[in-house]
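Asks: Sequence:
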Amino acid sequence: MAEIIPAITLKNYEDLEDKLSQVATLVAIVQIDVNDGSLTPIHSWPYQSSAKRDAFFDAIVREEQGFPFWEELEFEAHFMVRQPERIISDWIAAGASRVIVQIEGTEHFEKSVEAVAGRVPLGVALALDTPNEVLEPIANDISIIQCMGWELSHLGRQGVSLDEEVFDKIKALRQKYPEHIIEVDGGVTLENAPRLLEAGASRLAVTSALWQGGVLRENLAKFREL
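In the numbering used here, the protein residues as written are 1 to 226.
Simulated from the structure, these hints should not be mistaken for lab results. All residues carry an ideal CB built from backbone N, CA and C; glycine is no exception. Some hints could be false.
Using C-beta positions, here's what the derived DEER-type ranges look like [stated by the list, open to error]: (1) Pro194 / Gln65: 36 to 44 Å; (2) Pro194 / Glu74: 25 to 33 Å; (3) Ala24 / Ser50: 25 to 33 Å; (4) Ala55 / Pro194: 39 to 47 Å.
Listed below are the simulated DSSO-like cross-link pairs for lysine-lysine, each with C-alpha atoms no more than 30 Å apart in a straight line [claimed, not checked]: (5) Lys111 / Lys176; (6) Lys52 / Lys11; (7) Lys111 / Lys52; (8) Lys171 / Lys222; (9) Lys11 / Lys111; (10) Lys11 / Lys222.
Start from the sequences and build out the full structure, keeping to the hints where you can.
Replies: Take a look at the structure:
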C-alpha cells in the first residue's frame, strides 16, 4: 500500500494548528510546502511577509516552544524556494523529519547536502518540464525523488490538473532509480492515483482531494484502499 501524505500550504500559524489538528490522529506524517516568494508567486507560513519571518516559527527554532502536535505527527518540508540552503537548518531544528528541495531553486545542490548534513533523509522535487537527467550527478545524495504533477510555471498554484505526461516521467524514473522512493505531488486525485501507483510511485502527496467535501477521514480511507 502506498503512503498517503497530506500536503498543506499554510496561510499563518493558526492555519497550521487547524490543519494539523485535523490530521494528527489519521496519519503519521504531513508535507508542509515552504514558499517565500522567491521561486513561486506565493508566500506561505512562516514567510507570509517578505519583511520578516513569523515569530512563532522563530520561537520553535530556538526551542522555546514545540511545533504543533509534534508528539503525534511528523512532517516533511518541501522547499519551493531559491537557495534552500539558507533555511534548511532552521526547519530541521523546528522538527522536519525529511527535507525535499525543489531542484529548480538551487544552482549548487551540494550546499543543500551540506545543510542537511545527514541529519534527516534528503530528496529533490522536479517539475514536469525539468529533464530527469538533472538527477544523475546527485542521485547518490538523495533517497527521495518527488515528481511534480505539472510544469515549473504552475508551481505553487492551486487547482491545476495533473498533466498526463507525468505517468511516462514516473515510469522512466522508476526504471532508472529502482531503489529510490518516488513521491508524486500536485493534482493527485482518487481517479488518477491508481495510474500513478502503477507507473511506479511509492508515495502520494495529496492536497485538495483529501479535504474535498469536508470529509477528510472518508477521503483518506478511499485513498488507502487503492
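Asks: Indicate, hint by hint, whether the structure satisfies it.
Replies: Verification of the hints:
1. Pro194 / Gln65: 36 to 44 Å: About 41 Å separates the Cβ atoms of Pro194 and Gln65, which means 36 to 44 Å holds.
2. Pro194 / Glu74: 25 to 33 Å: holds, 26 Å
3. Ala24 / Ser50: 25 to 33 Å: 31 Å Cβ-Cβ, so the 25 to 33 Å window holds.
4. Ala55 / Pro194: 39 to 47 Å: holds, 44 Å
5. Lys111 / Lys176: holds, 25 Å
6. Lys52 / Lys11: The given pair, whose Cα atoms are some 15 Å apart, holds under the 30 Å limit.
7. Lys111 / Lys52: holds, 23 Å
8. Lys171 / Lys222: With a Cα-Cα distance of about 24 Å, the restraint between Lys171 and Lys222 holds, given a limit of 30 Å.
9. Lys11 / Lys111: The given pair, whose Cα atoms are some 28 Å apart, holds under the 30 Å limit.
10. Lys11 / Lys222: holds, 27 Å
No hint from the list above goes unmet by this structure.
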